[in-house]
Structures are given as C-alpha cells and as structure tokens.
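Colleague: Here the structure of chain P is known, so what remains is to put chains H and Z in place on it, guided by the hints.
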Amino acid sequence: MPLWKIYHPVDAFTADDKKGIAQALTGIYGRVMPKFYVGVVFQEVTEDNFYIGGEPHPRFIRIWVDHIARTFQSDEMRVNFFTYVNKLLAPFIADRGFDWELHVDETPFDLWTIQGYFPPREGTEDEKRWMAENKASARTHD
Amino acid sequence: MPLWKIYHPVDAFTADDKKGIAQALTGIYGRVMPKFYVGVVFQEVTEDNFYIGGEPHPRFIRIWVDHIARTFQSDEMRVNFFTYVNKLLAPFIADRGFDWELHVDETPFDLWTIQGYFPPREGTEDEKRWMAENKASARTHD
Amino acid sequence: MPLWKIYHPVDAFTADDKKGIAQALTGIYGRVMPKFYVGVVFQEVTEDNFYIGGEPHPRFIRIWVDHIARTFQSDEMRVNFFTYVNKLLAPFIADRGFDWELHVDETPFDLWTIQGYFPPREGTEDEKRWMAENKASARTHD
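Protein chains in written order, with my numbering: chain P, 185 to 326; chain H, 185 to 326; chain Z, 185 to 326.
Think of the hints as simulated: they come from the structure by calculation, not from any bench. Be aware that one or more of the hints could be misleading.
Since the list can't tell identical chains apart, any single copy or any two copies may satisfy a pair.
[Said to hold, decoys possible] Heads up, simulated SDA-like pairs for lysine to any residue below, C-alpha to C-alpha not over 25 Å straight-line: (1) Lys189 / Gly237; (2) Lys312 / Asp279; (3) Lys189 / Asp294; (4) Lys189 / Asn233; (5) Lys219 / Val229; (6) Lys271 / Asp294; (7) Lys271 / Asn233; (8) Lys219 / Glu239; (9) Lys219 / Ile236.
Chain P with its partners taken away, still in its complex shape (with noise of 0.2 Å):
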C-alpha cells in the first residue's frame, strides 16, 4: 500500500543502508497490515539532474509516498507518523548531513489490485489471513 520512492544522491546509501531503510519501514506499517505491503523504491539521481531552489543539490534525499490501504484518521496519529519516520530515517539522513524533505499523498483503496485481487478492507478476516500468511489471495467480501 504505501509506495516510497526515494530519489538520492549517487552513493548516499549501500545495499545494506537500503535494505535497513525498507525493514525499518515495514517494522512501522507491518504492524497494523501485510507487510508485502510496503514497496519501497530507490533511484540514484546524478546531481546535474536534481535541483533544490533553482540549483543542483548534491546532499539532498526527495521522497514521496503513495498511501493506499490506511488514510490518517486523526491528527496525533499524522504528526506521530511522521515524528515517527523522521526517527527512522535520521541514521541515514540527517546524521549523515543530508538535507530531505517528504511528503506522502493519499490515493484512492479502491483503485488497487494486488496479485489481481482487490486487497481487503481494514479489519476484516480477510486481512487478517493477508497479514498472516503474508501473501495475497481472493478477497472474501464486497
């Protein structure tokens, strides 16, 4: 459901950096849905291709994330996630110098389909069975 994608200065991460970015990720939405959920994609962007204000910005990580099975249903809830995620993401950006900014939109539950199947609404049995066997399969109600 959630789609990050992270555009980032060549090098900035390793493979492992990556992988810790993706798993910190999942350990937050993985809690409250299946986490094959959480795709997350990165994409190295060479600085003569990346302006911050009009210039190149050789230390600037941009992420945006689509959010599809949960939409934010208070205001602590919001500025917790994102207080949250900030935590999350300092080992690997601000403590390494990094400037970043992110921002996440809501699309439509509606519209999605994984494995074909329409996934299945919050709290039903359905999800549960996604979320324990962490795989996808047809989806038992309207």
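Modeller: Below, chains H and Z alone, put in the same frame as chain P:
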C-alpha cells in the same frame, strides 16, 4: 491522460514486450479518448533498489498510474477496468511468474495541458476532433 | 512543495538547460514561497521505454508535478499559471520541436515535512522567516 509508470526487474521485458503492453493499454483507453493521451514509461529497477516487505524482490512489477481525463463513474466500471487490465497484463506478468501490484490515482482534469492546450472536456466536439486527428489543437469551449 | 518530475529523451537537455529550467521554475514559485521548496528531478528515458499512444516517441517530454504548499484559488490563477509555465518552457521544449504534456496533482499540505519540520502555513511569520532565510526551522504556530 493516463500516465502509466511501470517499475520492473532488469531484463523482465523485451522492447517488443514493452511495445505490446503500451499498445494493449492504448487499445483500452483509445476506444473512449484520443490514443495519444496514453503515456507509458518503463523503468528498470535493480534488485538492490527494490524492496517488498523489507526484502529485495527480484520478480516484482510495481505499477502506478495517474488518471486525468476520466474518473470512474460506477463501481461496475471500476471493477471491469481492473479485471480487464489485469487480464491484458497476464501474458507479460502473471503468466511469467512475476508478482505485481497496481494502483491508480485520479488527478485534477483542470490541471493538465498537452502542447500547451487544456484538453477538451469529455464528449465535446473538440474531443471528437482530437480523437479523429490524434493530435492536440486549440479548445473552442470553456 | 512543488516536486517537478521531467521525463525526457536522452540528450534532450544539457546541464545548462536543466539548470535553466529549474531556475525559471524557481523564479515563478519563489515569489510567493521559499525558493528551496522547488524541487526538480530530470530523468532520461530511452526510446524503447517511452510510449505515447502505443508507439515509441523519441521527441516527447512528459512532466508530472505535485503541488503541496498551495492550491489554486481561482480559475484565473490556474489558467495564468499554466500559460506562464508553458511560455517559460517553450525555449527548451516547444521551440526545439519536442511534444510535451504536463499534469499537476495537489497533495495534502499536512502530509509533508522538510528537515523533519512541518512547513509553516501560508502567510504566517514562520513562512516569512523561511522565505527570508531560505531554510527550514521549527514552526511556532499550530
């Protein structure tokens, strides 16, 4: 109008496969809108840049789509669309043993230009001309 | 706030062109918001990865934009924006014989952080400080 972005493993598709997918998609949308609205961008993602559930996934196709020209007007149309699209993609994806996920966002019609023109509204004479000529030209209605 | 993503053919732009585009865009947005809000990412797409209407299109520029900090408050502002942007891009795109398409989505202001801070709301003293200093700092309002 639809912009399809397809992240795929290295060497998942040949040039013919990619053209085949783009043409099949154009076949769907082109029945009701100008064919040149259909943009498809393929992007190879190496295994160490692509994580599902916190693990590298060497056989995953992740697709995101922006719909601009049309929004789904009923649940039936929506379900039919996804059913049809997943069937169309099967020979390229499911039948080859890839896993895949697809989500669509609907973005504002009025925040869209082609060749500097605001595209015509659905069902207008302008839109019929765009379809017939398969190219953009000045819109004559508000 | 605005994140511009520009897909373009290989060698469509020099580094100077890309900087020129980023600076022109920053010139537009920077009149009303901090300049460092403006992120522009260029991405080369080879001909066999880029399809318009089901065919490879070697001279196509496809741009998608996420607007976060502001939404259009009137039709007039909206039309002026697109007119202005298309004029600004003309020397790099239309005047060189490229075709191009551009669409904008508006994503939630409250789901956005820079350097871990929620950016200040429009018109606040905090925003004026961010503009004057051209950098992020703690927001002092709710």
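Colleague: All the hints need checking, so say for each whether the structure fits it.
Modeller: Checked hints:
1. For a Cα distance limit of 25 Å, the shortest separation of Lys189 from Gly237 qualifies both inside one copy, at 21 Å, and across copies, at 14 Å.
2. Proximity of Lys312 to Asp279 under the C-alpha cut-off of 25 Å is found in neither arrangement, the shortest distances being 37 Å within a copy and 27 Å between copies.
3. Proximity of Lys189 to Asp294 under the C-alpha cut-off of 25 Å is found in both arrangements, the shortest distances being 21 Å within a copy and 19 Å between copies.
4. When the C-alpha separation of Lys189 and Asn233 is checked against a cutoff of 25 Å, the pair qualifies both within a copy, at 16 Å, and between copies, at 10 Å.
5. Within a single copy, Lys219 and Val229 get their C-alpha atoms only as close as 28 Å, which misses the 25 Å cut-off; across copies the closest is 20 Å, which meets it.
6. In this assembly of identical chains, the alpha carbons of Lys271 and Asp294 lie at most 25 Å apart only when taken from different copies (18 Å versus 31 Å within one copy).
7. Proximity of Lys271 to Asn233 under the C-alpha cut-off of 25 Å is restricted to the inter-copy arrangement: shortest distance 22 Å between copies versus 28 Å within a copy.
8. Taking identical chains as interchangeable, the C-alpha atoms of Lys219 and Glu239 lie at most 25 Å apart only when they sit on different chains, with a minimum of 10 Å there against 38 Å within one chain.
9. Within a single copy, Lys219 and Ile236 get their C-alpha atoms only as close as 33 Å, which misses the 25 Å cut-off; across copies the closest is 8 Å, which meets it.
Hint 2 alone, counting from the list given before, is not met by this structure.
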